[in-house]
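Take a look at the letters that make up each chain.
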Amino acid sequence: MTWLTWRQYRAQFAVGTALLAALCLLLVLTGLQLVSQYHTIITECASAAGNGQNRVNCSTGGGLFVGGPTVGFVSLIVLATPVLAGLFLGAPMAAAEFEAGTTQFAWMQGITRARWLAVKAGWLLLAAALWGGVLAALTTWWASPTNAEHGSEFYPGRFDVLYLVPVAYAVFAMALGICAGALIRRTVPAMAVTLGGFIAARVAVTLWVRPHYLGAVTVTRNLTALFQPSGSFWLIHQGARNPAGQLMAGAQGQPAAFGVPVSSLPRACAGLAGPPGGMTSSCRAALTGFRSFVTYQPASRFWAFQGIETGVFVILAAILLTVTAVTLIRRDA
Amino acid sequence: MINFRIDGRSPAPPYLQIVQQARQALRMGVLGVGDQLPTVRDVVAATAVNPNTVLKAYRDLEREGLVQARAGHGTFVLNLPPGPPPGTHSRLGRSLARWVREAREAGLDDESIESLLRVTLQAAPEEEIA
Amino acid sequence: MTTVIQTRGLVKQFRRVTALSDCDVTVPEGRICALIGPNGAGKTTLLRLLSGLARPTAGEMSVLGSPPRQDPAFLAEVGYLAQEIPLYRRFTAEEHISIGAHLNRRWDAALVRDRLKSLKIPLDRAAGSLSGGQRAQLALTLTLAKKPRLVLLDEPVAALDPLARRHFLATMADAVAGDGLTVVLSSHLVADMERVVDHLILLAASRVQLSGDIDVLLAEHRVLVGPRKDTAAIAGTHTIVQAMHTPRQTTLLIRGNAPVIDPAWESSGVGLEEMVLAYMGRDAAPATSHLTSVGEEQ
Chain A
1 MTWLTWRQYR AQFAVGTALL AALCLLLVLT GLQLVSQYHT IITECASAAG
51 NGQNRVNCST GGGLFVGGPT VGFVSLIVLA TPVLAGLFLG APMAAAEFEA
101 GTTQFAWMQG ITRARWLAVK AGWLLLAAAL WGGVLAALTT WWASPTNAEH
151 GSEFYPGRFD VLYLVPVAYA VFAMALGICA GALIRRTVPA MAVTLGGFIA
201 ARVAVTLWVR PHYLGAVTVT RNLTALFQPS GSFWLIHQGA RNPAGQLMAG
251 AQGQPAAFGV PVSSLPRACA GLAGPPGGMT SSCRAALTGF RSFVTYQPAS
301 RFWAFQGIET GVFVILAAIL LTVTAVTLIR RDA
Chain B
1 MINFRIDGRS PAPPYLQIVQ QARQALRMGV LGVGDQLPTV RDVVAATAVN
51 PNTVLKAYRD LEREGLVQAR AGHGTFVLNL PPGPPPGTHS RLGRSLARWV
101 REAREAGLDD ESIESLLRVT LQAAPEEEIA
Chain G
1 MTTVIQTRGL VKQFRRVTAL SDCDVTVPEG RICALIGPNG AGKTTLLRLL
51 SGLARPTAGE MSVLGSPPRQ DPAFLAEVGY LAQEIPLYRR FTAEEHISIG
101 AHLNRRWDAA LVRDRLKSLK IPLDRAAGSL SGGQRAQLAL TLTLAKKPRL
151 VLLDEPVAAL DPLARRHFLA TMADAVAGDG LTVVLSSHLV ADMERVVDHL
201 ILLAASRVQL SGDIDVLLAE HRVLVGPRKD TAAIAGTHTI VQAMHTPRQT
251 TLLIRGNAPV IDPAWESSGV GLEEMVLAYM GRDAAPATSH LTSVGEEQ
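First to last, the protein sequences are chains A, B and G. The first sequence lines up with residues 1 to 333 when you count with my numbering. The second sequence lines up with residues 1 to 130 when you count with my numbering. The third sequence lines up with residues 1 to 298 when you count with my numbering.
Take these hints with a grain of salt, some might be off.
Label pairs and their in silico Cβ distance ranges [stated by the list, open to error]:
| # | chain 1 | residue 1 | chain 2 | residue 2 | range |
| --- | --- | --- | --- | --- | --- |
| 1 | G | Leu119 | A | Trp3 | 37 to 45 angstroms |
| 2 | B | Glu102 | G | Pro259 | 46 to 54 angstroms |
| 3 | G | Asp114 | A | Ala18 | 34 to 42 angstroms |
Listed below are several chain G residues computed to face chain A (Cβ distance under 8 angstroms; list not exhaustive) [unchecked claim]:
| # | residue |
| --- | --- |
| 4 | Leu75 |
| 5 | Ala82 |
| 6 | Glu84 |
| 7 | Leu111 |
Taking beta-carbon pairs under 10 angstroms as the criterion, some of the chain G residues facing chain A (in silico) [to be verified]:
| # | residue |
| --- | --- |
| 8 | Gly79 |
| 9 | Tyr80 |
| 10 | Leu81 |
| 11 | Gly100 |
| 12 | Ala109 |
| 13 | Arg113 |
| 14 | Val260 |
To be clear, the hints were calculated from the coordinates, so they are not data collected in a lab. Note that the structure is a prediction, hence the values are computed from the model and not measured. Every residue, glycine too, gets a C-beta built ideally from N, C-alpha and C.
The whole structure should be built from the sequences, with the hints applied where relevant.
Written as structure tokens, this is what we have:
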């Protein structure tokens, strides 16, 4: 059965390897470019600091390093690739055989359907995991300059392409494809369901489930006290409350201080709208009851979150594969 | 060795056709005593009949005493069917061919020849009685 | 004699359609059994149930002594060839042989190669580029290569030309002669298979209308022709399968072993195709001159 799986997927394996190699090449080339750009900026910053031209912390690139459009483009590609495996290998695995009728040939040879599924799906899932792993490792290396610059690996969009989770996404996408193909039994509809299901699952988890893996930490301070969590934290929510406890609206293009429009602050602080240095002691006194809060996930939880998210998608994959197995074995061929 | 032919349109069932063709081959001298009949598998491969059909035919021939099945070796001719010696058939066949040629030269078509033959066959016993 | 297939009260129901109802079937060992019926009668469904690819809604089935099951021991003994000749289109005959060798306990690769060579079918061409007849022969030989005891063939010759049909049936009959195989093959044409089958299952309207040894069935049926008359007397001693009346003449197909005493009836034997057509057409409107042979080979 392993031999048959290899024979059936020889071509796809070659294409997939070529594709992965191309992606790796892209990442390596752009990554090296980013690294050199980054070092240039740091050097310039350091020399500018040496000339006394700015007082910015040069070790992080002084807030100047952006990386350009390549970063966004490559991030998008890397975000999308896990689903490709599920789409082009997982969905057709069972569906193409049903459409061609070859299940009636394969399942009358001397192997059980369970073994047929286990071997075929097993190899495909392994391939997906390897694909995801290679991509994750390379992307993690590639992203290090931008991470060092912007600080947080915890944010959605960066969290999703680093370390462990791409492997879980790839395995999940493959399991979803295999399940869709086995249940729907037609390749194109199965591919559509795989794509839609993957996007829906990733969006839903990122927006509504991930923030709650562990209870977020909320720190409340006086409005005037600046608070920034350290390291690679993930900002969930931040805002200000007035003395009555009501949430204050954010500043939208109006003159603002401490993240809120100056117009919503006591009159004693009207001077904050003017040139810097408008903070007076009367304003400070007027602001006593005002609070600012930051709800966030601390950097120390980064690896816990990577682990939990990996676990979530692996469990989802396991459920899908169980459904696949039960359906394939019990339904008419 | 003879080749059996099964005619799907003939009213005779396949096994009977095999029996008749075997008997005819023996009468005509195509098969002689001691010759081997085609194996069941040979007949099946050539005609796509059911193997049991061939077995049934050979059993019939065996019952008539014409052939004998030797386990593991095949089926062999034991005796010729009663009737005139093989040469008679060939001789009569040749004179029949001469008669047919004569009839055709006289202007008879095949249908007239066939009906003449039929009438003669039906009339012959009565003539003998007479 | 051993029974290879035995079913009782077999039912297969899909969401809105009953494909088979109350089917009782017996097939003895060593037979070549024709599964005849019009399109949609349930032939494919019955074969898929017997092979284990589908499961019955109700009823009992025994194939080679036990209900069909998905395990290597059962699969080694039962071969199934679906109507669409499912082969891997991109794989060559040689690769199919390797697949079989890898997946089956018993596998006679030499059998396949020898047979394909004698039929001049290339071993190194992709199955998708072989002709219909060549594909059918390849699929049949692959089905036989695992040396099963029972082979189920679904309309294997429907799309083949007469020569390919002859080769296919000869290969199949040869396997029966050599290995003591039992074969069930379905068709909606009788003429093709008449000389090779010795057992019959007739399906029409999802039910078994007729089944048994063909020689016995043909001996039990007779055609009676006589002047137009009441059939009550005959109905008392025989089963009337089909009755046709013209203003002057009555023609009956009857089943039964008792002699027909009434001299007004002219009795004659019935051929397989006539008998099959009579049973298949029982619910349909009577056709004209149905007793002449139909569907003769061109």
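Worksheet item: Honestly, which of those hints from before does the structure not fit?
Response: Hint check: 1, 7, 12, 13 and 14 fail, others pass.
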